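Residue numbers (this note's numbering), protein chains in the order written: chain G, 3 to 199; chain X, 558 to 673.
Hints are computed from structural coordinates only; laboratory data are not their basis.
Values in this document were obtained by computation on a predicted structure and should not be read as measured data.
Hints are not guaranteed to be accurate.
[To be verified] A few chain G positions that, by computed beta-carbon distances, are all more than 10 Å from chain X: (1) T46; (2) G47; (3) E144.
[Said to hold, decoys possible] Partner residues aside, some chain X positions facing chain G, computed with beta carbon under 7 Å: (4) P569; (5) S602; (6) P635.
All C-beta atoms, glycine included, are put in the ideal place defined by N, C-alpha and C.
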Amino acid sequence: MTLTATFIQLPQDTAITDAWPVAVLDETATSLARRARIRWKPATGELGPVLRAVGKADGQEPAFGLEAHEGHRGVYVFGQETQSEEAVRCFVRSLGLDPAAARHPDGSSLGSGLSSSPMRTLVPSMRERILRRMAKLQPYVEEAQLLGEALDAIRGAESSSQATLRQQVRKRRRPASAHIGASAGNGYPSERERIAA
Amino acid sequence: VRNHSIAEVCGPFHRLAGTTQTVDVMRKILLSGELWGGRPFGGQSPFPAVQAYAGVLPAAEEGFEFWTFAVPDASYGPVAYWRRYGREDRLVRTDSGATVARIDILITKVSIAQLS
């Protein structure tokens, strides 16, 4: 069952934290006004005249901004980029639209978010984002692997040098202990030889 | 064999002449080959971004058409956005102290009667 919240229009000066396009709706300002009873306010944007509105899904936070460019199809939803996918989908539903028909600014579908499978809830865009971030992290992973290998090599060298050092120490100690059993090879009889004599 | 570096060119995009794109602003853009942009959504975005309409300049409209090596950060829909976030090479500090985003553009078509 899909829960559909109602669109609540907020004062135009309501702050939209870190406003950035989070979704693009395949609508015009007129069609969306009919669908969700939006009262657009004309404004001057960077490119020319735009229509803006601010609102939220009933009972939900946060607020989102809507912007439509006059004479162009496509309404932008502005919000915090780190906003959860479900919050954006809920807002889109409150406008009477199917989130699956809406798009991320990169063109990928917003997805319906109705699947129960955890893998399926990772909508393509999310997967793409994760893959993109993984690709960005790849050089660091490789660097970490190289560092790990270097560390292993250092540890190996350390342990081998320690082993060599131990051997050297043993070699140096051996002549002293050898006096007990056999001739030290220095011309003097060993302890055992002296006792035998 | 020569080593050629390959760069992807994005476009076409266009900007229309109008209240925000006066002839003076257009002249500056055409002479500099740079496009600037402030904070989107009435200044509520923390990131200045260059904006332009996607697609060719409509035949009946005044403005200019361009291509760019800068890949848009948001390209779906009628508007393309290039923001400065994490891109220090796309930042410009204006005389008034404001920070704006900047991209280099390759202008391919100009249709502004007042400009000539």
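Going down the list of hints, with the structure as the test:
{"no.": "1", "hint": "T46", "verdict": "violated (6 Å)"}
{"no.": "2", "hint": "G47", "verdict": "violated (7 Å)"}
{"no.": "3", "hint": "E144", "verdict": "holds (21 Å)"}
{"no.": "4", "hint": "P569", "verdict": "violated (15 Å)"}
{"no.": "5", "hint": "S602", "verdict": "holds (4 Å)"}
{"no.": "6", "hint": "P635", "verdict": "holds (4 Å)"}
Checked against the numbered hints given earlier, the structure breaks hints 1, 2 and 4 and satisfies all the rest.
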